[in-house]
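**Student:** What the sequence shown shows, in the numbering used here, is residues 686 to 822, in sequence order.
Just so you know, the hints here were simulated from the structure itself, not pulled from any lab data.
It is possible that part of the hints are untrue.
[As the list claims (entries may be wrong)] DEER-style ranges, computed between Cβ atoms: (1) Thr692 to Tyr782: 18 to 26 angstroms; (2) Ala814 to Thr687: 31 to 39 angstroms; (3) Thr745 to Ser822: 32 to 40 angstroms.
[Claimed, not checked] 30 angstroms max Cα-Cα, derived DSS-like pairs, lysine-lysine: (4) Lys777 to Lys733; (5) Lys801 to Lys733; (6) Lys804 to Lys733.
For every residue, glycine included, the Cβ atom is placed at its ideal position computed from N, Cα and C.
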Amino acid sequence: MTAAQDTTLALLTRYYAAFATQDHAAMLDCLTDDVVHHINQGEAETGKAAFAAFLDVMDTAYCERLTDMVLFASEDGTRAAAEFRVLGTYLKTAEGYPEAHGQTYDLPAGAFFSLKGGKIARISVYYNAADWVEQVS
């Protein structure tokens, strides 16, 4: 493993540790100011402020825990990926989706990252939205 891979994997480990404790400040500290967030089956958003707003919405509508985490990094450390399971509870109805009443779900998911200057510059998260809808319906 290269030093660049080690550095990238350490950054992703910090990012996901912060996610686990809902430490938004620590998550945002892992990102570039102009981070691009590609939301699963949604529009891309740019910037830390947009990402912080996304996190706030997520924390109100869902309670999620990630398990079975596996991290990968390119040799030069500029690209990375994560594979995991999302164990969650649907807390607040999201517009256009089934009504929330505490349903639980278990989804395989993945995320892809680009890194720049030792920070995350792009996050693209993917999961099967139809599977999620079926589980909470």
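**Student:** Indicate, hint by hint, whether the structure satisfies it.
**Tutor:** Status of the hints after comparison with the structure:
Taken as a hint, the range 18 to 26 angstroms is violated for the pair Thr692 and Tyr782, whose Cβ atoms sit roughly 38 angstroms apart. A beta carbon spacing of about 35 angstroms between Ala814 and Thr687 agrees with the range 31 to 39 angstroms that was offered as a hint. At about 21 angstroms, the beta-carbon gap between Thr745 and Ser822 misses the expected band of 32 to 40 angstroms. Our distance criterion of 30 angstroms between C-alpha atoms is met by Lys777 and Lys733, whose separation comes to about 24 angstroms.
The hinted pair formed by Lys801 and Lys733 meets the criterion: a straight-line CA distance of about 15 angstroms does not exceed 30 angstroms. Note on Lys804 and Lys733: the hinted pairing holds, with a Cα-Cα distance of about 12 angstroms set against a maximum of 30 angstroms.
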